[in-house]
Amino acid sequence: MIKIENLSFSYNKNYPLFDQLNLTLPSGNIYGLLGKNGAGKTTLLKIISGLLFPKHGKLDVVGFQPKDRYPQFLSEIYMIPEEFSLPSMKMENFVRINSPFYPRFNYSLFKEYVNEFKLPKEQKLSNMSYGQKKNFLLSFGLATDCKLLILDEPTNGLDIPSKSQFRKILANAIHEERSFIISTHQVRDMENLIDPIIILDEGQIIFFHDYEQISRKLAITKQTELPDNNVVYYESSLGGYTVVKENTTMEETRMNLEILFNAVVSNKEKMNELFKS
Amino acid sequence: MKLTNYFDISRISLLLKMEFCRSRKAMLMTFVITFGFLFIGLILESVFGFEKVIKSHQGSYAAALIIGGFILSSLTFNDLSNPLKRYNYLMLPASTLEKFLSMWLLACVSWVVMFTLAFIVYALAANTIAHLLFSNITYQAFDPLGKIPMNAIRYYIVLQGIFMVGAVHFKGYVFPKTIFALLLFSIVCGIIFYITMSDLLQLNGEYINEYSAIKGTPLHKAWIFTQWLFWWMLAPLCWGITYFGLKEQEV
Chain A
1 MIKIENLSFS YNKNYPLFDQ LNLTLPSGNI YGLLGKNGAG KTTLLKIISG
51 LLFPKHGKLD VVGFQPKDRY PQFLSEIYMI PEEFSLPSMK MENFVRINSP
101 FYPRFNYSLF KEYVNEFKLP KEQKLSNMSY GQKKNFLLSF GLATDCKLLI
151 LDEPTNGLDI PSKSQFRKIL ANAIHEERSF IISTHQVRDM ENLIDPIIIL
201 DEGQIIFFHD YEQISRKLAI TKQTELPDNN VVYYESSLGG YTVVKENTTM
251 EETRMNLEIL FNAVVSNKEK MNELFKS
Chain B
278 MKLTNYFDIS RISLLLKMEF CRSRKAMLMT FVITFGFLFI GLILESVFGF
328 EKVIKSHQGS YAAALIIGGF ILSSLTFNDL SNPLKRYNYL MLPASTLEKF
378 LSMWLLACVS WVVMFTLAFI VYALAANTIA HLLFSNITYQ AFDPLGKIPM
428 NAIRYYIVLQ GIFMVGAVHF KGYVFPKTIF ALLLFSIVCG IIFYITMSDL
478 LQLNGEYINE YSAIKGTPLH KAWIFTQWLF WWMLAPLCWG ITYFGLKEQE
528 V
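Those protein sequences? They're chains A and B, same order as listed. Quick note on numbering: the first sequence equals residues 1 to 277 in my numbering. Quick note on numbering: the second sequence equals residues 278 to 528 in my numbering.
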């Protein structure tokens, strides 16, 4: 689905953002792209979508070079950025003039999503709330039946019912032929949805593992006292500590993405060592 | 290399449909304002003019076609000026060539055809109304195939590409920025022209106003070549620069 080889990119000549970045993403998954502010998540998504051009390196996204921005390529990917603009027209009109660009657009599926999100059909898109606009774009993007759906901070601005609706719809829409990439800081909203987890830091992929691998290698527990050994990372929490440690018992523990992220970013070497073995 | 990756007539028609749908209100407003001003101008000319015969509408046609068209051409890639709309435009599944062609068809061909048709209707209506108000004045009919309209169309087709180049390369305030860039360019060209031709221009202390003085000289050949460049190369060059500028757009 996506193959990135030796990607280099910089906004400024003296400070390269990506240097020799490599990444391969097979289809059929909902990838979670995590990283600190300025780590390059949005930039990477823009490069994958052909909205930014790499300085060096090879990119293959759904069989195309994104830089070419061929119509066939653009009809196979749909990106919902964090900030967007919708025209002053009703959704019916938007769909009428935009959907013909997507050969597999499924109108009945679109209507289904619109009903599930309870979007106001008669209201102009520009007058909708931020969350409604986002849900509309998600409904449209999913209905295009594109192979790659890219979401940048998708749950920002969504209310609590919309977040769970969002998770449900996304989980049902994934199939073997398509992939979703979700870049987010709201990791709690994405728990049990994104798998594998990709963590980007200082222009490098420092972590790329699925839940199964993670739970095989790591155990996240709440303890009143710190254990003596095998601790990778810990945070003090109410009544004790939340500890990330090497999983020696092979028991599966509940995943906490926020803690996992902090553990990976603060202890890269140890994590690398652990997942290499 | 698949041709459909570059050009598909159905996608061009979809893009045109989309642009018409998005901008129909703005287009209508532009027409109403333009013809409103033209009509007010005609009435004022009738009230304050001394002539008994108002010349045909050819001058107003030429001015409105060219100024309106330049403004329209400056607005062609308006979405690129807005960082949020850029996403939508660049991600729209159509090739760069199709996006360019659809805008060119709108700003060049459609504008000339639609404006001319609208002007014919306007001239008929304006003449009838103005004649009722000022029966002592004769209003000549508008002839779209007259020398002035045809020249205006020729000049417009050649020059509008410059504003499309501006539309792709400038972010916001495209029209004034393009005019400013053109002014700068004209000043530079004017200085170069004066330096190279100053001797010839002031033969015997008088400015020459005839070709004859330079006829047959290399300078004359250069002038002929410049004219050829203007009529045949300027527009394709501008369209080419617009196309490649659009292709290289990033977010």
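Incorrect hints may have been included.
In silico DSS-like links for lysine-lysine, alpha-carbon gap of 30 Å or less [unchecked claim]:
no., chain 1, residue 1, chain 2, residue 2
1, A, Lys90, B, Lys294
2, B, Lys294, A, Lys13
3, B, Lys294, A, Lys58
4, A, Lys168, A, Lys13
5, A, Lys133, B, Lys524
6, B, Lys524, A, Lys3
7, A, Lys168, B, Lys448
8, B, Lys279, A, Lys133
9, A, Lys13, A, Lys3
10, A, Lys90, B, Lys362
11, B, Lys279, A, Lys111
12, A, Lys121, B, Lys302
13, B, Lys279, A, Lys58
14, A, Lys58, B, Lys524
Away from chain A, derived, C-beta distances all over 10 Å, residues of chain B [unchecked claim]:
no., residue
15, Met295
16, Leu315
17, Tyr416
18, Ile469
19, Phe507
20, Ile518
No wet-lab data here; the hints were simulated from the structure. Positions of the beta carbon are idealized from the N, C-alpha and C atoms, including for glycine.
Open item on the list: Tell me if the straight-line CA distance from Lys279 (chain B) to Lys58 (chain A) falls inside 30 Å.
Closed with: Holds. Lys279 (chain B) to Lys58 (chain A) sits at ~21 Å (cutoff 30 Å).
TODO: Measure nothing beyond the straight line between the CA atoms of Lys58 (chain A) and Lys524 (chain B); if it is 30 Å or shorter, mark the hint as holding.
DONE: Given that 30 Å is the threshold and the Cα spacing comes to 19 Å, the pair holds.
Open item on the list: Does Lys13 (chain A) sit within 30 Å of Lys168 (chain A), going by the straight-line distance between their CA atoms?
Closed with: violated, 43 Å
Task: Nearest-CB test (10 Å) between chain A and Met295 (chain B) - done: violated, 5 Å
Open item on the list: For a C-alpha distance cap of 30 Å, please report whether Lys279 (chain B) and Lys133 (chain A) respect it.
Closed with: Violated, at roughly 36 Å.
Task: Lys524 (chain B) paired with Lys3 (chain A) [C-alpha distance capped at 30 Å] - done: At roughly 23 Å apart (the allowed maximum being 30 Å), Lys3 (chain A) and Lys524 (chain B) satisfy the hint.
Open item on the list: Tell me if the straight-line CA distance from Lys13 (chain A) to Lys3 (chain A) falls inside 30 Å.
Closed with: Within the cut-off at roughly 25 Å; holds.
- [ ] Assess, step by step, whether the Cα of Lys294 (chain B) is no farther than 30 Å from the Cα of Lys13 (chain A), and give holds or violated.
- [x] violated, 42 Å
Open item on the list: Beyond 10 Å on every Cβ pair: is that true for Phe507 (chain B) relative to chain A?
Closed with: Check passes; 33 Å lies beyond 10 Å.
- [ ] Starting from Lys90 (chain A), check that the Cα of Lys294 (chain B) is at most 30 Å away, please.
- [x] This hinted pair holds, its Cα atoms lying about 16 Å apart.
Open item on the list: According to the definition I'm using, a residue is off the interface if its beta carbon is farther than 10 Å from all beta carbons of the partner; does Ile469 (chain B) meet that for chain A?
Closed with: holds, 35 Å
TODO: Would you check whether the claim that Tyr416 (chain B) is not at the interface survives, using Cβ distances to chain A and the 10 Å cut-off?
DONE: holds, 40 Å
Violated hints for the displayed structure, listed by number in ascending order: 2, 3, 4, 7, 8, 11, 15.
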